[in-house]
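K.L.:
Below are the chains, spelled out letter by letter.
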Amino acid sequence: MADVALSLEGVCKQYGDFEAVRDLSFAVKRGTICGFLGPNGAGKTSSVRMMLGLSEPTAGQITVLGGTAAKALDRIGFMPEERGLYRKMTPVDVIVFLAGLKGVKASVARKRGKEMLEAQGLGPFMNKQIRSLSKGMSQKVQLISCLVHEPELVILDEPFSGLDPVNQQGLETVIRDLAKRGATVLFSTHVMQHAERLCEKVVLLTKGQKVFEGSLKEARAAAPRHLDLEGALGAADLMALPGVASVSDMGATEDGAHLWQCRLHAGQSAHEALKAAFLRGLDVRRFEAKEPSLHEAFIVLTGGEADA
Amino acid sequence: MRNTFLIAQREYLAFVRTVGFWLSLFTVPLLIGAVILVPLLLAQTSPVKTMSVAVLDLSGEGLEPELRAMVQAKADAASAPDDALARMAARMAHQKEVRLVALPAGLTPVMSRAEAAAKIPGLLSEDSGKPSTILLAYDEGEKLHFDIWSVPSQAGNLKDMIEWDLHGLQYEKVARLNGVDAKLAHDMRKARADIVSLTPKPAAGAAQNTQVNNGTGFIGFMLGFATWMTIFSSSMILLGGVIEEKSSKVLEVLLASTSTESLLIGKVLGVAMVLLTVGGIWGCASLLLGTYGLSSIPPQAISAIKAAAGGLLSPLHLGLLAVYFVFGYLMYGVSFAAIGAFCETQKDAQAVMGPVMMVLMIPMLCMQAALQVPDSPIIRWLSYVPIFTPFLMPLRLSQPLPLWEIAVTLGGMVIVGGFMIVVGRKAFKQGALTGGKLTWGTLFRIATQKPAA
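Protein sequence lines, in the order shown, are assigned to chains P and L. Take the first sequence: its letters are residues 1 to 308, numbered as in UniProt numbering. Take the second sequence: its letters are residues 1 to 453, numbered as in UniProt numbering.
Rather than coming from a laboratory, the hints here were simulated on the basis of the structure. Do not take every clue at face value.
[As the list claims (entries may be wrong)] Below, a list of computed lysine to any residue pairs in the SDA-like style, where the Cα atoms sit at most 20 Å apart:
hint	chain 1	residue 1	chain 2	residue 2
1	P	K135	L	L275
2	L	K249	P	G53
3	P	K217	P	P165
4	L	K249	P	T58
5	L	K426	P	Q14
6	P	K275	P	S293
7	L	K437	P	R87
8	L	K249	P	R87
9	L	K249	P	K275
10	P	K88	L	L13
11	L	K437	P	F18
12	L	K183	L	E61
13	L	K426	P	T58
14	P	K128	L	K426
15	P	K88	L	K183
16	L	K249	P	Q129
17	P	K88	L	K249
18	L	K437	P	Q129
19	P	K105	L	M1
20	L	K426	P	Y15
21	L	K249	P	D93
[As the list claims (entries may be wrong)] Computed footprint of chain P on chain L, listed as stretches where at least three residues anywhere in the stretch have a Cβ under 8 Å from a Cβ of chain P:
hint	region
22	3-10
23	246-254
From a predicted model like this one, the values you see are computed outputs, not experimental measurements. No residue lacks a Cβ here, since even glycine has one placed at the ideal position from N, Cα and C.
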């Protein structure tokens with residue numbers, strides 16, 4: 001258990017008659033990046049709040065950095081989905097104040113905060129009131145506030161929402177750097193591309209229940225692979241290939257042929273279908289075997305209800 | 001503890017760094033000081049004009065010595081070195097010194113009233129040595145008449161001073177005309193009963209002077225009013241602060257960084273520090289003004305104030321006041337903070353605060369009524385209601401109270417206050433993390449919520 005930063009066992013959360021989280025169990029190893037995925041309303045924020053001790057689980061047990069969240073608060077960095085800072089304070093002051101709540105001396109927090117603000121290009125704005133900053137700048141200040149005390153566990157609730165592509169890229173770099181220095185990062189999102197680029201492990205939640213926990217490779221395996229074939233081919237010939245679940249005509253090509261997308265059964269390799277196509281002498285002029293994206297895996301695993 | 005202090009410090013600095021704080025800090029005492037000091041200063045610095053009074057007796061009853069004695073008595077009172085209260089009252093009321101002067105040439109006790117009335121206007125003057133006021137006495141049948149002529153700036157002043165003495169002369173005359181011995185009639189007019197207004201002390205059963213009693217009642221009212229104002233205004237500061245944090249989404253970040261207890265206590269302490277700052281500055285200002293003011297207040301007045309304050313400044317009384325205040329502040333502070341946690345805007349808060357304000361106005365209205373009837377049963381019974389106790393007990397403590405009443409009110413306040421603080425803490429956390437509105441149903445659920453397994 002020493003190498004586990006966060007573990008949930010049979011956690012449930014009930015609001016009146018509504019069950020927001022049901023029997024949720026998973027663990028996150030120290031020094032890893034874990035994506036906490038799920039469509040809107042899946043129970044991610046409720047789960048995150050329980051991990052932080054902001055709300056009590058109706059049932060189950062949560063262990064954070066070897067103990068309760070209350071005891072580990074100083075070692076946790078948290079960025080909520082709804083960003084919030086004191087609008088009349090300066091970035092430096094708000095960083096020093098929040099770091100102080102985590103037990104960092106004011107002088108240390110001020111020095112670190114200034115360095116981090118400089119690194120994020122906010123040097124000229126560090127002594128201006130937060131209300132005068134743009135939304136993107138405020139989000140950077142929020143992120144610095146949650147990292148300035150060098151937490152062992154960083155929990156980010158929808159960290160990429162509201163950021164432009166450049167800042168999203170910057171945040172991804174920050175998250176990778178955190179993991180490099182040994183911090184554990186758990187971030188919730190419903191945008192799969194970020195998870196795909198960052199995570200070693202994902203936990204997928206839908207309707208308050210965990211539907212998947214594992215590596216990206218394992219997640220992708222849950223979704224069917226695709227085999228794109230181009231040539232003078234007919235739907236019936238393609239459907240007869242082994243492992244093909246469905247085919248879609250993607251349109252005609254310049255030489256009068258057609259591009260077909262064959263969706264394979266889950267766990268089925270494209271190799272068998274391709275081999276059969278050549279053995280049967282089908283007019284295949286070009287082929288491409290595609291791994292499913294996490295996005296596709298997400299849709300399959302959530303039963304197609306994702307809005308990502 | 002560390003976080004509680006940090007939050008208190010931030011709350012304090014956030015408030016005292018505003019322009020509004022400094023404006024209100026200095027303008028309020030300046031205004032109050034102005035209201036108190038300006039009349040005193042005016043009374044002291046305005047040039048004191050002398051009212052020079054001449055007496056013309058045309059009544060034929062030999063009233064002149066009596067009339068001059070009346071005026072002289074007022075002149076003596078206004079300048080008596082050993083009666084500062086009377087001197088000050090006389091000076092503030094009239095801003096004049098009184099002295100008797102001889103009749104000017106042209107006026108004689110043997111002229112008619114018409115002749116005198118024709119000459120007097122030309123003889124009145126504010127110049128030294130000339131009469132500014134002439135008291136003309138004459139007789140018509142059984143009735144004495146007094147015409148008081150004066151320069152416009154002194155119109156009515158002498159009448160206010162000696163009106164009842166002049167009525168007494170008429171009373172003496174009627175007595176004499178009805179056969180009463182002249183000396184007896186004179187003595188009857190001068191005779192005065194010694195009247196003292198007394199009310200019983202509720203606890204001791206002894207009597208005390210009504211003026212002293214009214215004084216302590218007024219001080220009690222002021223203490224109750226000050227407690228109400230302080231608790232209400234500080235709770236409103238807390239409410240506003242929490243609404244700001246809720247609307248700017250900071251509360252969730254804070255709750256993820258520290259315990260709800262630290263956050264709430266820190267906020268309450270921060271506002272308490274603001275109150276102490278205001279109290280300290282206003283206290284120092286009062287001390288300065290008071291030191292200056294005391295030199296202008298006659299010793300008799302100071303003695304009267306001391307008598308009215310009586311035992312109100314005893315350590316026990318001050319201790320009880322502090323306990324009632326602290327619990328009241330905690331009860332209302334935590335409750336208002338919890339209300340704020342459910343509000344995104346001031347408009348949301350207004351909707352919730354409407355009924356709360358109506359309840360809070362009850363002790364305020366009672367306090368005003370208590371000025372007339374300090375021991376009203378309604379006030380006594382309402383002071384047993386724990387949510388009103390912090391406001392009404394400071395008022396009631398101005399009168400001696402049986403020990404059991406103090407114990408009962410303190411006990412009730414501790415129990416209900418403790419319950420309000422526990423529920424307020426839970427409500428604060430729930431409100432901070434949800435977007436829901438505060439309803440009676442929500443409050444009931446929070447109050448009856450069992451701890452999670």
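K.L.:
If a hint holds in the structure, say so; if it doesn't, say that too.
P.N.:
Hint-by-hint comparison with the structure:
no. : hint              : verdict
1   : P:K135 <-> L:L275 : violated (36 Å)
2   : L:K249 <-> P:G53  : holds (18 Å)
3   : P:K217 <-> P:P165 : violated (25 Å)
4   : L:K249 <-> P:T58  : violated (25 Å)
5   : L:K426 <-> P:Q14  : holds (17 Å)
6   : P:K275 <-> P:S293 : violated (24 Å)
7   : L:K437 <-> P:R87  : violated (24 Å)
8   : L:K249 <-> P:R87  : holds (10 Å)
9   : L:K249 <-> P:K275 : violated (59 Å)
10  : P:K88 <-> L:L13   : holds (12 Å)
11  : L:K437 <-> P:F18  : holds (18 Å)
12  : L:K183 <-> L:E61  : holds (14 Å)
13  : L:K426 <-> P:T58  : holds (16 Å)
14  : P:K128 <-> L:K426 : violated (35 Å)
15  : P:K88 <-> L:K183  : violated (85 Å)
16  : L:K249 <-> P:Q129 : holds (16 Å)
17  : P:K88 <-> L:K249  : holds (13 Å)
18  : L:K437 <-> P:Q129 : violated (31 Å)
19  : P:K105 <-> L:M1   : holds (15 Å)
20  : L:K426 <-> P:Y15  : holds (15 Å)
21  : L:K249 <-> P:D93  : holds (17 Å)
22  : 3-10              : holds (count 4)
23  : 246-254           : holds (count 7)
When held up to the earlier numbered hints, the structure conflicts with 1, 3, 4, 6, 7, 9, 14, 15 and 18 and fits the remainder.
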